[in-house]
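Participant: What follows is the residue order along each chain.
There are 2 protein chains.
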Amino acid sequence: MRIAVDAMGGDFAPANILEGVAQALDGLAWIDQLVLVGHQEKIAHYLDKLQISSHPKLKKVHASEVIEMSDLSTVVLRGKRDSSMTVCAKMLRNGEVDAVVSAGHTGAAVASTTVLARTLPGVERPAIATIMPAMHGHFVLVDAGANTDCKPFNLAQFAVMGECYYRMAFGVENARVGLLSVGGEDVKGNDVTKEAFKLLSSMPINFVGNVEGNTIFEGAADVVVCDGFIGNVLLKGCEGLAKSVMYWLKDAFTKDPIRKTGAILAKNAFRDLKAIGDSDSYGGAPLLGVNGVCIIGHGSSSAKAVYNAVRVAGESVKYRMNDMIVRRIEECGLNLEKKNPASV
Amino acid sequence: MRIAVDAMGGDFAPANILEGVAQALDGLAWIDQLVLVGHQEKIAHYLDKLQISSHPKLKKVHASEVIEMSDLSTVVLRGKRDSSMTVCAKMLRNGEVDAVVSAGHTGAAVASTTVLARTLPGVERPAIATIMPAMHGHFVLVDAGANTDCKPFNLAQFAVMGECYYRMAFGVENARVGLLSVGGEDVKGNDVTKEAFKLLSSMPINFVGNVEGNTIFEGAADVVVCDGFIGNVLLKGCEGLAKSVMYWLKDAFTKDPIRKTGAILAKNAFRDLKAIGDSDSYGGAPLLGVNGVCIIGHGSSSAKAVYNAVRVAGESVKYRMNDMIVRRIEECGLNLEKKNPASV
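Chains as they are written, first to last, in our numbering: chain U, 849 to 1192; chain Y, 849 to 1192.
Next comes chain U alone, as it looks inside the complex (with noise of 0.2 Å):
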């Protein structure tokens, strides 16, 4: 169990990756070798002060550059190839680690891994999962951002990588797969996802028809399927959503004496709903469908997430995810090599 971890990417990079690299090599004893990925002039320091510069698990690769949140996502391929995300990719690529995690540039990691490393056996295109809460529970959005345009073939590939990401997070069989839409009706919906939905319909899988934005948050299926440009969007919508009423609450809990002392009395309150929206703990988001896991960090992840996106990442290979992928993908009929060129 070998994995690489992008020392360079993230808004707090390096020193909240090295610092969960660490909790990680103290933490995860059954991860057999974590690489560093990075310029090591830059992270020496780092290494050093949390005293893990020579850990027997640690191995340090050098890259020369850094992909910058205004790069476009192909300069891992065309530019920068000295990227610290880039060799991390090459690794995956040559067998030499069998998981990448990053928390940098998301269009990046997707270009580079997808390139490099190619797709699994049978699919066509990756896709982003990503772990939400709902008013009770979980659901998985798949894709969150990895394809912008999609055809129905597409999506009918992420509800199974979906399907098979959720039994592995949450440990249960046969997730209910909803169809992310306008209506609940199968007439209702773009041209895209009307399509979509007779194929979904075909498949041996727990297809409960279409969702919408509001019943996602009911509960209204495991697996929530829709293309990278709406995922995104939607993602993005809650996360701005969230901090807003955040800063709402902050704002009408302070407007006057008695309102702050009844939010002192109740600040375990706002401790738990924070816990409610710390993505930190779900360990980051898998690019399901590279040959090779491939977990992609928040942005702004804290030592925490990175941590928790190693240990996602080393049980997706433990749990070996992507032979459970290549099988369902096969079991549907999506076999993209099999599959009949009408419904590309």
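Warning: the hint list may mix true and false statements.
It does not matter which identical chain is used: a pair holds within one copy or between any two.
[What the hints assert, rightly or not] Quick list of in silico lysine to any residue cross-link-like pairs, SDA-like style, CA-CA up to 20 Å:
1. K1103 / Q899
2. K1152 / R1119
3. K1036 / R973
4. K1036 / N1022
5. K1122 / T1102
6. K1122 / I1106
7. K907 / H887
8. K1122 / M980
9. K1091 / R1119
10. K890 / E867
11. K928 / K1152
12. K1103 / M983
13. K1091 / L1121
14. K1166 / L876
15. K905 / A892
16. K1098 / I1124
17. K928 / V963
18. K1042 / L920
19. K905 / K1166
20. K1036 / L920
21. K1122 / A1100
22. K1098 / K1108
23. K1036 / L925
24. K1042 / D919
25. K1042 / S921
26. K1103 / F1118
27. K1036 / S918
28. K1103 / I1124
29. K1186 / D1099
What the hints contain is simulated information worked out from the structure, not anything from laboratory work.
Since the structure of chain U is already known, use the hints to place chain Y on it.
Facilitator: Coordinates of chain Y only, in the frame set by chain U:
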């Protein structure tokens, strides 16, 4: 100033609708006539109870059928042609009323007014505009659900119509128009938004570029443009998340006696928080671009929501919003008849 109200549309119709109408008859003296369209036998009892049955400004028009939420949108034209919504749309087409208000089936309202009253000169497709709360202030989301598949040209027209509505609703000229996408840069987006970005950049509007799901809640734009599929998913997603947050809040604040005491002391804070999300005060969502004013209320409209929808309908007529839309569409070179066929 004559306004038709669909008495049968909405989850709490006809009770809430008629109560809202009674409030409008009482509070909006500048309206000349309110036309109640619906099954007269079914509403007579409520009118008597509200003592408005023989109000001089109230006109009653019978419609024998009611659209159910499970009906297809096209039922207003092909099936239930004597539905309250169809009759409202016919009155709009015939110039018997200046505006219609319905809290019923959104798709049916869009289909009936678009087909019967048609679109404004130069406008290809109408769009639903919804006011949403941002961290400080508000923004208008357009299209919130009228069109599931849009061309770049449609999005450009939505931008102009949204600008006009924002001017009417908030008295602000030159509203900042943002294009909802998955990244701030012009190269980010799907095939449609990338083309729309170019078109919007070339128009005499205050285009601020791409905005994202999170930045719209931070006030990145006054008018947020997207297709109706994504707008509807985002709108409903925010409704669903807001409902979940209220549930989580209640749960967190009732876990022990100390928290409960805090909640009692801060009860006004909860009231303030609820008021932010109270869409009843916005007065429904206009269907911009139809030849005549059409205001669509939320299915769960309260009497207050109906009152405000009637008020906004009347204000749109008084303000001559449609004249402004036609003029601005022309100024922006987006007149459907004159547009370059290649850009369709």
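Participant: Against each hint, give a clear statement of whether it holds in the structure.
Facilitator: Structure-based check of each hint:
1. K1103 / Q899: For K1103 and Q899, neither the intra-copy (47 Å) nor the inter-copy (42 Å) Cα distance is at most 20 Å.
2. K1152 / R1119: For K1152 and R1119, only the intra-copy Cα distance (17 Å) is at most 20 Å; the inter-copy one is 35 Å.
3. K1036 / R973: between (25 Å within a copy, 18 Å between copies)
4. K1036 / N1022: Intra 25 Å, inter 35 Å, cutoff 20 Å: neither.
5. K1122 / T1102: Close inside one copy (18 Å) and across copies (16 Å); limit 20 Å.
6. K1122 / I1106: Between copies, since 19 Å is at most 20 Å while 23 Å is not.
7. K907 / H887: The answer is within: 13 Å in one copy meets 20 Å, while 77 Å across copies does not.
8. K1122 / M980: Only inside one copy: K1122 and M980 sit 14 Å apart there, 23 Å across copies, limit 20 Å.
9. K1091 / R1119: The answer is both: 14 Å in one copy and 19 Å across copies each meet 20 Å.
10. K890 / E867: Within one copy, since 14 Å is at most 20 Å while 69 Å is not.
11. K928 / K1152: Classified as neither: same-chain Cα gap 29 Å, cross-chain 59 Å, threshold 20 Å.
12. K1103 / M983: between (29 Å within a copy, 17 Å between copies)
13. K1091 / L1121: both (12 Å within a copy, 14 Å between copies)
14. K1166 / L876: Cα proximity of K1166 and L876: one copy only (13 Å, versus 68 Å across).
15. K905 / A892: So K905 and A892 pass the 20 Å test inside one copy only (16 Å; across, 81 Å).
16. K1098 / I1124: Classified as both; 17 Å inside a copy, 13 Å across copies.
17. K928 / V963: within (15 Å within a copy, 54 Å between copies)
18. K1042 / L920: between (32 Å within a copy, 15 Å between copies)
19. K905 / K1166: within (18 Å within a copy, 74 Å between copies)
20. K1036 / L920: between (35 Å within a copy, 9 Å between copies)
21. K1122 / A1100: Both: 17 Å inside a copy, 10 Å across copies.
22. K1098 / K1108: Both, since 10 Å and 18 Å are each at most 20 Å.
23. K1036 / L925: between (40 Å within a copy, 18 Å between copies)
24. K1042 / D919: Answer is between: at 17 Å across copies they meet the 20 Å cutoff, but 35 Å inside does not.
25. K1042 / S921: Close across copies (16 Å), not inside one copy (30 Å); limit 20 Å.
26. K1103 / F1118: both (17 Å within a copy, 12 Å between copies)
27. K1036 / S918: Between copies only: 11 Å across chains, 37 Å inside a chain, cut-off 20 Å.
28. K1103 / I1124: between (25 Å within a copy, 15 Å between copies)
29. K1186 / D1099: Neither, since 57 Å and 50 Å both go past 20 Å.
Checked against the numbered hints above, the structure violates hints 1, 4, 11 and 29; every other hint is satisfied.
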